[in-house]
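*Asks:* Using the hints, put the two chains back together into the complex; each one sits in its own frame.
Those protein sequence lines, which keep their order, are chains E and F.
Just so you know, numbering that gives the first Met the number 0 puts 543 at position 544 of the first sequence, and the rest follows in order with no gaps.
Just so you know, numbering that gives the first Met the number 0 puts 405 at position 406 of the second sequence, and the rest follows in order with no gaps.
These are computed hints drawn from the structure, not numbers from a lab.
A virtual CB, placed ideally from N, CA and C, is assigned to each residue, including glycine.
Wrong hints could be hidden among the right ones.
[Unchecked claim] Short, incomplete list of chain F residues facing chain E, as computed with Cβ under 7 Å:
#1 S203
#2 L253
#3 R310
#4 V403
#5 D405
#6 W408
#7 L412
[As the list claims (entries may be wrong)] Calculated lysine to any residue pairs in the SDA-like style (CA-CA distance at most 25 Å, straight line):
#8 E:K566 / F:E293
#9 E:K517 / F:A248
#10 E:K167 / E:H202
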Amino acid sequence: MSGIDCRFIRNFCIIAHIDHGKSTLADRLLEYTGTVAQRQMKEQLLDNMELERARGITIKARAVAMRLTRDGQTYELNLIDTPGHVDFQYEVSRSLACCEGALLLVDAFQGVEAQTMANAYAAMEHELAIIPVINKIDLKQARPDEVTEEMEHSLGIDPADVQRVSAKAGLGIEQLIDAILRRVPPPEGNPDAPLQAMVFDSHYDEYRGAITYVRIMNGRVRKGQRIQFLRGGTTHEVLELGQFVPHQQARTELHAGQVGYLICNIKSLEQVHIGDTVATVGSQVAPLPGYQQPKRMVYCGLYPSDGQDFTELRDALEKLSINDPSFEFVPESSEALGFGFRCGFLGLLHMEIVQQRLEQEADVDLVQTAPNVTYEVVTKRGQTLEIHRPQEVPDAGEIEEFRQPIVRVNFILPTEYIGPVMKLCQERRGVQQGTEYLSPTRAMVTYDLPLAEVIYDLHDKLKSATRGYGTMDYELVGYFPADLVRMDILVNGNRVDALSVICNRGDADRRGRAVVKKLKTEIDRHMFEVAVQAAIGSRVIARETVPAIRKNVTAKCYGGDITRKRKLWAKQREGKKRMKSIGQVDIPQKAFMAVLTTGDER
Amino acid sequence: MQVPEERLGTIAPPSVARLSSIGSSGEAPERLGTIAPPGKAEPRAVYVHVPFCRHRCGYCNFTVLAGRDDLAPAYLEAVEREMSWLGQPRPVDTLFVGGGTPTHLEPAQLARLLDRTSHWFPPTGRYEWSVEANPGDLRAEILDTLAAAGVTRLSLGVQSFDDRKLRTLERDHRAEQVLRVLDAARPRFESLSLDLIFAVPGESLDDWQRDLRMAVAAPIDHVSCYGLTFERGTRFWGRRLRGQLAPLAEELELKMYELAIDTLESAEFEHYEVSNFARPGHRCRHNEVYWRGEPYFAVGPGAARYVGGRREVNHRSTTNWLQRVRAGQSPVAESEQLAPEPSARERMVLGLRMRAGVDRDDFQRRTGYELDRLLGEQLPLLVDWGLLADDGRRIRLTRRGLVVSDTIWPRLL
Ligand SMILES: Nc1nc2c(ncn2[C@@H]2O[C@H](COP(=O)(O)OP(=O)(O)O)[C@@H](O)[C@H]2O)c(=O)[nH]1
Ligand code: SF4
Numbered sequence: 000m001s002g003i004d005c006r007f008i009r010n011f012c013i014i015a016h017i018d019h020g021k022s023t024l025a026d027r028l029l030e031y032t033g034t035v036a037q038r039q040m041k042e043q044l045l046d047n048m049e050l051e052r053a054r055g056i057t058i059k060a061r062a063v064a065m066r067l068t069r070d071g072q073t074y075e076l077n078l079i080d081t082p083g084h085v086d087f088q089y090e091v092s093r094s095l096a097c098c099e100g101a102l103l104l105v106d107a108f109q110g111v112e113a114q115t116m117a118n119a120y121a122a123m124e125h126e127l128a129i130i131p132v133i134n135k136i137d138l139k140q141a142r143p144d145e146v147t148e149e150m151e152h153s154l155g156i157d158p159a160d161v162q163r164v165s166a167k168a169g170l171g172i173e174q175l176i177d178a179i180l181r182r183v184p185p186p187e188g189n190p191d192a193p194l195q196a197m198v199f200d201s202h203y204d205e206y207r208g209a210i211t212y213v214r215i216m217n218g219r220v221r222k223g224q225r226i227q228f229l230r231g232g233t234t235h236e237v238l239e240l241g242q243f244v245p246h247q248q249a250r251t252e253l254h255a256g257q258v259g260y261l262i263c264n265i266k267s268l269e270q271v272h273i274g275d276t277v278a279t280v281g282s283q284v285a286p287l288p289g290y291q292q293p294k295r296m297v298y299c300g301l302y303p304s305d306g307q308d309f310t311e312l313r314d315a316l317e318k319l320s321i322n323d324p325s326f327e328f329v330p331e332s333s334e335a336l337g338f339g340f341r342c343g344f345l346g347l348l349h350m351e352i353v354q355q356r357l358e359q360e361a362d363v364d365l366v367q368t369a370p371n372v373t374y375e376v377v378t379k380r381g382q383t384l385e386i387h388r389p390q391e392v393p394d395a396g397e398i399e400e401f402r403q404p405i406v407r408v409n410f411i412l413p414t415e416y417i418g419p420v421m422k423l424c425q426e427r428r429g430v431q432q433g434t435e436y437l438s439p440t441r442a443m444v445t446y447d448l449p450l451a452e453v454i455y456d457l458h459d460k461l462k463s464a465t466r467g468y469g470t471m472d473y474e475l476v477g478y479f480p481a482d483l484v485r486m487d488i489l490v491n492g493n494r495v496d497a498l499s500v501i502c503n504r505g506d507a508d509r510r511g512r513a514v515v516k517k518l519k520t521e522i523d524r525h526m527f528e529v530a531v532q533a534a535i536g537s538r539v540i541a542r543e544t545v546p547a548i549r550k551n552v553t554a555k556c557y558g559g560d561i562t563r564k565r566k567l568w569a570k571q572r573e574g575k576k577r578m579k580s581i582g583q584v585d586i587p588q589k590a591f592m593a594v595l596t597t598g599d600e601r
Numbered sequence: 000m001q002v003p004e005e006r007l008g009t010i011a012p013p014s015v016a017r018l019s020s021i022g023s024s025g026e027a028p029e030r031l032g033t034i035a036p037p038g039k040a041e042p043r044a045v046y047v048h049v050p051f052c053r054h055r056c057g058y059c060n061f062t063v064l065a066g067r068d069d070l071a072p073a074y075l076e077a078v079e080r081e082m083s084w085l086g087q088p089r090p091v092d093t094l095f096v097g098g099g100t101p102t103h104l105e106p107a108q109l110a111r112l113l114d115r116t117s118h119w120f121p122p123t124g125r126y127e128w129s130v131e132a133n134p135g136d137l138r139a140e141i142l143d144t145l146a147a148a149g150v151t152r153l154s155l156g157v158q159s160f161d162d163r164k165l166r167t168l169e170r171d172h173r174a175e176q177v178l179r180v181l182d183a184a185r186p187r188f189e190s191l192s193l194d195l196i197f198a199v200p201g202e203s204l205d206d207w208q209r210d211l212r213m214a215v216a217a218p219i220d221h222v223s224c225y226g227l228t229f230e231r232g233t234r235f236w237g238r239r240l241r242g243q244l245a246p247l248a249e250e251l252e253l254k255m256y257e258l259a260i261d262t263l264e265s266a267e268f269e270h271y272e273v274s275n276f277a278r279p280g281h282r283c284r285h286n287e288v289y290w291r292g293e294p295y296f297a298v299g300p301g302a303a304r305y306v307g308g309r310r311e312v313n314h315r316s317t318t319n320w321l322q323r324v325r326a327g328q329s330p331v332a333e334s335e336q337l338a339p340e341p342s343a344r345e346r347m348v349l350g351l352r353m354r355a356g357v358d359r360d361d362f363q364r365r366t367g368y369e370l371d372r373l374l375g376e377q378l379p380l381l382v383d384w385g386l387l388a389d390d391g392r393r394i395r396l397t398r399r400g401l402v403v404s405d406t407i408w409p410r411l412l
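Bound-form chain F, shown alone (with noise of 0.2 Å):
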């Protein structure tokens, strides 16, 4: 097949991008080495979005679409045209597969798309493939589809073990399905997480207690708990303004946060990104490759990834993406070239995000910017009113900052 030049920026990274031909440009002053940052290396991760739900959500506001079906076929078409236009496979180490649910797909459609997703992007050595699933979609046929194609990893919708906070939130299973879909899961995969929401209109403490002790209690190795947001464009947006939701208060959702951080710790889950908590050995290392800064490929409507230097994320639209990807038409809505020092403040945002911090001397080799000379008068500041601690080599986080850091993150961009 013939591919149009415009696209070849969209997926495969231009030959220009290869490591070994980027040396220093000559940016600003305070850029030190010569190493090209890792942004602009081949990726090693790939990121393919399924936008289909069996409806949506009142709080979502992810790319998705409720009740059309119908259009699987000529997604999963489209899906593999945009995979094919790479020209050439790509080895990976890490592979997700989200959405929407990944595991609304009927179970042929979705091996069809595992088949695809591992051909064009073959997981190589110990590699880690993550796929979403809803609780209630998961018979036995669509869990040994995943096995079989070779899925690692199950990442499990299941927000709440409380049928009530469910029925809340607008979730389509029931807390004892989970149960069962945990026990058929656990031998299949090599690691099992789940997803809980918390700060849930009328959720007390105590509630949010007994999710966290239910998720102790279950067969997983990993967590992702996630406070609830109220987003634009949602339903419960709309309920909110009405005055039919009321968020929690700041004092309780913070409690609530901070039990997540003490009784999934007091569990031997480590606290390893602000949302993420997991056992040894089980952290999500597609997660770390966004967080670390390092490039990443993306397949789908509304994917983003970070291929050349270059952040670009396709149209949200399915319909929108479908008609382009069929049409030849490049399917990326933004792009976004970063310059070095811009790009630098990112990577030490989403590093300080993770609790281990930042290291100087890792960064400084990453970069090519001395991490104190970019931080100026903040890094002081901050450690001085105690949200920033600073070992001398490496600056992470402490307690009180991690809970207000969404407030730190503008002093350092």
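Okay, chain E solo, but in the shape it has when bound (with noise of 0.2 Å):
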């Protein structure tokens, strides 16, 4: 059943804000074109993870081969994943660099979120085909029209377009359908030119290695021929080749226009990088254009808590990256926490989701500093710098020009919160650069603001902002000058390097005051004074004290029951294990993470 025409192959993706129903869709579309019965569904998600199930299939496999005729015609539909969210920029550009179409997938009563602008946007620059669908029109609070009027403005989308559907009960499914044979344009490209496929996403098999995905552009692969990397520089041999139906279905061949997957034997998803173009051996093709190192945005560092093996964390961060390739790490080590890993992580949600990976899969102990953003530093001497950790900053004499990352952010939300959302931009040093009425009830907001300031907590604010109604979303504009200091943290005297922070001069003291004094309730009390201090060079900005402790005695007879008070003492002894010393202080873990805190009073 391989070799379809490309006149009769759809490549299209759903394009929508988390919850508004792209599983949904996703699993009534396979269910429409049989490619998983109906009755199978239940129990074929059965069989699958509970979290996958929870999430759809779509999320085991990136991308699914739908077969359906009409009007004695059989067509291919490859319906492929688009990661939702902002860290995944460059990993979404790439998936729509592999599709003809995209389904713009709005709820009926949230109506335009951040996410689908966003999203929206970057299809609309790969001049995809955009079928507007508003989804949950089975709701009684939904509202069509309204959200229809949305999108005009927001996006330019004629009204005349919009499917309404309800993903759940079914509706509109068959018309839905219809428009993506009618207005997804086939996939272009030459079967008979060499061959040409774009990388798109790859994921780790346990058994076969690395299974990479990828769109052929042009030419045929089959199974045996020895391809390359063109950007990776690797060789392989086709091991097997297929298309996910939803399962693992291998093929003899794809051809121009088709999605699937390749098995090469490939012991790391290192060594498969997304965007890179795969090739015969010895072909002279051109890469395709697009290709991007994947940039880390957000750094952290990650140390054994004491008493725990350095190895160990270090075998558990091998085994994870071989999982995740944009994830990276050195090794570095800290005066005050000793020898560990600088991380670098997308964006704030990958480092949580890695972090969660550590814990759960790797049972390591960690202490984990605050998350940096990484700046540029161009010295006297017209070197550029990258800055991973605070203590790279190099002494202020020594500084031409200290940049930070500038991103654009989306709001949307509903009017009456666009006077509290601009004083929180305001407040972050953002530059307004626009607002956009999308209804009468709804608006667009964009500001520039430092990356830093949007990755620390302007998403939870937003929320508290807006009660839960606005959302955000964010790409980078590129590095700016800015006036940036190193705020340094004493404790009794000795400057912590792991809670050393970066941040405006300007706001140092207001930090300063407020990290101090977040540390104080994070530092439990010692047998002595604990002075915590702020300071920018030899300046202090702030001073907070923890004050010793007076008493604690248990007056109290244990009778002959010893052992239990034994065992209170002895779970208190490894208390402190988990916390880091320095001079004589003891530092809980998550006081490395107190540095976040901006102060509220601003």
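*Replies:* Pasting the structure below:
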């Protein structure tokens, strides 16, 4: 069933804000096309992990091939999944590059959200055919007319094109399929030209190694063929190829226009670069455009806690990186924390995912330092340094220019919250770029903001400022000079390198006060007074004191039951182990995150 | 009566636990001598737990049954049975019958309990035999029963001489009762002790001062002062969580504790352990057995023993303990054989809770460990911080170390 003519292939993705029904709609399409029988749906999903079932099957199969017959003609529909989160913007762009069309899915009650906008713009930039879809029209509170208006205002959608469906109830699915067949153009590309395929995703299979997801742009790929990754520079033999339907189905050949997977006995995902081009060995084809190195925007230090093994942590990180090449780690050492790793992530969500997996899968006890973004410093000698951690900031006298990443943030919110959100942004040195009314009640506000301000707490602050109704999304604009300084934290006079942060000079006093105050609550009282200070260079800008313990004695007879008490003390001793001792001061792990405190009074 | 095999370990020291049969077993390198830790010697002390109380006080988390006096006969039978598993009487130097409230038993029941106790644990020489008593229960009949059985020391759960404070603590006696009871008890016993509680919600430093003055003026030889603690599973714990009871400020509690030390010391009570004060010759020898890390037998629900180097605690639920003993099963709920090093460390902590502290030579003789090597860097550090005093022979808590001592112990274990 493989040799299908390009004219009958449709490659598309679904763009949606979280919870607007992407997974449900995908399931409905699979069902409608008979790819998965309705009755199997449940059983099939039962075989998978709880998590995957909860999220729908698209999470497992990043591209599903569906077959469907219309008027005697068989079509192949390839649904390509796109990650929804801003951390994975680059991955999104690579998925879009493999499609000719996109379903722009919007919840009939929630309306257009920031993530919808960001990804819709991206789809338009890739010149995809956009099929606007309003989902959940079965809901009582559905307001499809208003949402149509929002789509028209914000994205220039023609109201006549909007498909109204209920993915849950299965309403409007047939018309939607018709629209896909009619409006998504068939892929171009010459099956007889030399092979050129785009890597848009990958995952790691314990038994088979890397599974590489590709869209064939030109030519054909067959089992047994020798291929090369043009960017990665490695060559491999194709052991198996095929499509997900949605289970893994081997084929003999994939040709231009098709989407599928390759298995080449690749032992680590590090060798598979998203956006890379696959060609036959010896071929002279050019790499496909748009490839980028994964850009790590957020860094933090990960250290084993006291009594834990450095090598254990290293093994765990190595294991993780096999599965996730966009995460990076290099050994570093800190006076305060000893030997550990500086780890780079695509964004804060990515960082949280990695950290969770470390704790769940590897059972290592971690000390994490506060995350920071990557800065650039131009030295007096004209060198440009990438700064991945505060300790790397050179002395003030050597700095010609200190630059930070700026992102453009789109907020979508009910109009009554425009004021509070503008205030939030201005407090964070945002520069307004525009306000657009999507409908009489909803608006899009755009600001350029320092990424550092965005990752720390902007999302939480937005949610509370808009009672949960505001959404946001952002993209990198570039690096721009700013008046930045390194703020150090001293505990009983000892500088704790792992607690240093980079911040705006104008914010330093407030931040410093907030951080030492927070640290005061995190550090247990000791048998002596503990001074916590914030300083810039040699100038102390804030100080708090953790008073010494005055009294801690159980004036009580334990009778003969000494065991209980001893166990309690032993537990306290274990607790002490999970701290880092600096000088004689025990600092609990979570205190290393305290430097994120920005000071609420602003 | 046939004794099931598994029970033997419960209370009877296995024959190997004899001092003579224990030699060096090649443990950690620092362990020097070949002397067995005294935990493995034959115990010379016994604790008997009586779980009954008239009602449960709001702060109490002891093994206590309130309003179940109907279980007393079954309890007595079970205690006797648990004792009988010793196989033969074990002479002891100190006995302690605690609770609960032993004096809540009917006089005849109490008499029987004391009789069985002295049968299985014959007091020898200048023995000490303490019984805990509730001032509210102490009719003359009870006092006579105790004295007739050979009890030498009464430990009275007075808690306070202030009726308001007693009400807060949900105690069922009143202050004037205490004074009468003390007068009645005095001629019958060698030693009288009373327990006082401080840092009770609503209590002022003056209130506490008055309690201390009353205690000093009373005809007693020994005082135990306990700071009120809020324990899980008590009514006070819940009331504190709901904000109905406010613990005193740390600073005030500290002042109260120091006031107790100063007042009692100047009245010639020796402060010999964190919570305990005694006139000369009136320390509680039984408690000193615990604090020295020496072995002891124990009988009754929730009772803790240290026999043959093994620490054990009986089931804390009285009914559970009852059922198990009746069914001929071991009543032990938790059991732990201490290795030499943890045992030495435990002894260090218990020893330091005594104001006399720990003597280097004595410690090494008893545990086989050199004190300085065992403590490593902690000793100079704690001395440096002014928490421990070291005269080259002994180490002991300073006054400052005393009041923060619970912060020190985790470092030493
Ligand atoms: N009422 C209604 N609920 C829907 C519809 N489509 C999806 N949902 C519900 O919306 C929630 C989010 O759907 P899901 O497909 O997981 O969203 P995703 O995050 O975009 O993948 C789920 O509780 C679905 O059951 C619909 O058409 N009508
Ligand atoms: S009298 Fe003592 S043992 Fe009984 S309930 Fe009150 S505090 Fe607890």
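*Asks:* If a hint holds in the structure, say so; if it does not, say that too.
*Replies:* Results for each hint:
1. S203: Violated - the Cβ of S203 (chain F) stays beyond 7 Å from chain E, reaching only about 17 Å at its closest.
2. L253: holds (4 Å)
3. R310: holds (5 Å)
4. V403: holds (5 Å)
5. D405: Given a least distance of 5 Å, the restraint on D405 (chain F) holds.
6. W408: holds (5 Å)
7. L412: holds (5 Å)
8. E:K566 / F:E293: holds (19 Å)
9. E:K517 / F:A248: holds (23 Å)
10. E:K167 / E:H202: Distance ~29 Å between K167 (chain E) and H202 (chain E) Cα, so the pair is violated.
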